[in-house]
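**Q** All chains should be modelled from the sequences, with the hints used to inform the complete structure.
If you're matching them up, the sequences are chains A and B in order. In terms of the numbering used here, the first sequence is residues 10 to 320. In terms of the numbering used here, the second sequence is residues 10 to 320.
Please keep in mind that the hints were generated in silico from the structure rather than gathered at the bench. Any given hint could turn out to be false.
Pairs count within a copy or across copies, as identical chains cannot be separated in the list.
[What the hints assert, rightly or not] Below, in silico cross-link-like pairs of lysine-lysine (DSS-like), each with a Cα-Cα straight-line distance of 30 Å or less:
(1) LYS34 with LYS309
(2) LYS34 with LYS314
(3) LYS309 with LYS149
(4) LYS18 with LYS66
(5) LYS309 with LYS17
(6) LYS34 with LYS18
(7) LYS149 with LYS216
(8) LYS309 with LYS18
Protein chains: 2
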Amino acid sequence: MSPRESQKKATVCEVGPRDGLQMAKGIMPTEVKSRWIAAIAAAGVPEIEVGSFVPAKLVPQMADTDAIVRHAVTIPGLTVVALAPNLRGAQNAHAAGTHRVSIPVSVSEGHSRANLNRSPSEQVAEVARIVAWVRSQPRKMEVEAACSTAFGCSIDGVVPVRNVVTIAAGLAEAGVDEIALADTVGYAHPSQIHEVVRAVRAAVGEKLQGLHLHDTMGLGLANALAGLEEGIRNFDAALAGLGGCPFAPGASGNIVTEDLVFMLESMGFATGIDLPALIAARDLLREGLPDEPLHGQVPKAGIPKTFRAAA
Amino acid sequence: MSPRESQKKATVCEVGPRDGLQMAKGIMPTEVKSRWIAAIAAAGVPEIEVGSFVPAKLVPQMADTDAIVRHAVTIPGLTVVALAPNLRGAQNAHAAGTHRVSIPVSVSEGHSRANLNRSPSEQVAEVARIVAWVRSQPRKMEVEAACSTAFGCSIDGVVPVRNVVTIAAGLAEAGVDEIALADTVGYAHPSQIHEVVRAVRAAVGEKLQGLHLHDTMGLGLANALAGLEEGIRNFDAALAGLGGCPFAPGASGNIVTEDLVFMLESMGFATGIDLPALIAARDLLREGLPDEPLHGQVPKAGIPKTFRAAA
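**A** What follows is the structure, given as C-alpha cells:
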C-alpha cells in the first residue's frame, strides 16, 4: 500500500442510540443504553449520536437523553452528538455537555410541517438563532445542520435539487459548522447522490461534510460508495441497521454500521473501528431490546478470511 | 434526459432458478418452476438461467433441468441459459435447446477441486473441448465461462488478481463467447471490483461481459455500482435474493433482482423489466418453496413514489 493509500480515512458516526432507538417499538433501559454506548465507543467508533432533546411526551425513547449525554461525555475521546429540533433543545444539549448538536432541517415542506411544525425557511431561521445563542456561550459546542428529505420525501415525493441547495446555502449563511445531507426515507440512488452532493458543494463548499443514509430500498451502501467517490468522508450508520422505517413495515433503517465499516476498511479507508468488537456490541442491543430485529450481513455471515483492516 | 442518456441500457440475467434453487432446502415442483420462469420472463427479464445439467444424485433440485429448458425455450424472446460443468453437461444442454451454456471455472485451486474435482487449468482445457464440440454442431449455442471465486475463496482465502487474469486469458484463448466474473462467496468489495475488472479487461477485452455477485456481506449492490462504473452492463441476480450461502447460515444469496432493477432503472439504465410485475413473481416462489426466506428491500418497503423507470 502506498503512503497516500495508507492515509485514507473515513469517520463513522453511530446514530443507533438516537435514530435507531427512536424508531424502535420498545424502550431501552437507561442503564443498558449507557453500557451499549460505552461498548460502541470502546470498539473505536469516534462519534455517537446518543439521543434527542425533544419532549419526552412525543418521543418517550429519548426521555433519558440528558442523563445519557452526561454519562457519554465522560468516555475519553468520544465526540458526543445529540439532536435538537429547536433553540430550547439546543440549550438543553449545551447544558448537558453535548459536543455537537445536530439540527434537522427538512427540505420538503410536507416533512417539515409534519416533523417540525414549521416551514423549511422558518427552520433555517431557527438554526440562525441557535448558532447565535451557541456562539454567545463560554463553552463551545459544534452546530451541525442535517438537511432531511434531501433525496425525496414520502409526503411530497420528488425533492428538487435546487431546493436542497437553497436550504443548504441558508444554513451556511446562518453560520453552522457543518452540513449533512440526509436520505431520511431511503429514496436515494447513486446517480442522485452524485448530483446532489456536487450541487450542494458548489454552493457551500467544505461545509458539506456528511451523509446520513437509510437502507430502505437496499441501496444504502451503494449510495455510501457514491458519496465516497464525491469525497464525502463522514457517514452516519446504526448498529444492526436498527430502527426500521415508520412508513414501510419490514424495511430496514439506517445503513448498518458493521457492513459500512467492513466496506470502508476493505477499501482501505481507516475508520479506527475494531470490527469484531463492534459486532460484539450487538449483544447489548439484544439485551436492551430483545424483540427488535437485528440487520446486518457481515455479523450473520461472519468476517471473511480475506478481510484486512485498513492500515 | 439527453439522447445519450436515454440509450443507457443494462441486461439482467435471472439466476434464481439455478443458483437460488440449488442452495434452497426444499425442491420446487417442476410445474411451479415453469410457471415461475414464465412469470419472470413476462415481467421483461431478457435472460434466465433456468437450471444445471449436473447429475440429479448430486443436485436433486436440478433433476428436471432438461424438461425446464425444453419449456423455457418456447417462451418468445427469452434467452435460456443453463449451467454445465463439463462436456457431457454441455451436450445435454445443447440437446435440450439451451441458447447459452454457462461453464463454471474456479480460479482458486481449493474451490475447483471441491466443486469440479479438477484443477483450474484442467477445467480451462475442458472448456476448450466444449467450445470445439459446440462449434461442430449445426445448431448454434453461445458458450459463456464464469470465473468462480474471482474475488476470494472460502477455502483458499485471497485469490490473486494475476490468477484471475490467467484463467480469463485461457478462456478467451479457448474461444468462449463471453466471460463473466463471479464473486461466488460474496467476499468482493468495490475497489476490488474496479481492480479485477480492469485487469481482466486489459487481458481479454470485450469478452469480459458480466458480473455474478452475491450479497453475503451486504456489499452486493455497491459492487454492482462499481461494475457499472467500469462499463459492465450484464448482471446476474436472483429474485428475492434466493439461495443463501452454504458456508454462512443466515447470509443472503445472489444480489436481489428486484433491488438491482430498482437501482439500475433509477440511475437511468433501461432493463426492459417491469418492476411491479417482477415483484409479483415472488408469489410463485412463495408457492413453490413456502419455507424459503425471501429477501429484498424494495418489495418489503414498496416502490417509492419518486421512482421513474428509465426511458
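**Q** Does each hint fit the structure? Answer for all of them.
**A** Going through the hints against the structure:
1. LYS34 with LYS309: both (23 Å within a copy, 18 Å between copies)
2. LYS34 with LYS314: Between copies only: 26 Å across, 36 Å inside.
3. LYS309 with LYS149: neither (41 Å within a copy, 44 Å between copies)
4. LYS18 with LYS66: neither (40 Å within a copy, 51 Å between copies)
5. LYS309 with LYS17: Within. Shortest intra-copy distance 28 Å satisfies the 30 Å Cα cut-off; inter-copy 36 Å does not.
6. LYS34 with LYS18: Neither, since 35 Å and 42 Å both go past 30 Å.
7. LYS149 with LYS216: within (18 Å within a copy, 59 Å between copies)
8. LYS309 with LYS18: Answer is within; shortest intra-copy Cα gap is 26 Å, inter-copy 34 Å.
Violated hints for the displayed structure, listed by number in ascending order: 3, 4, 6.
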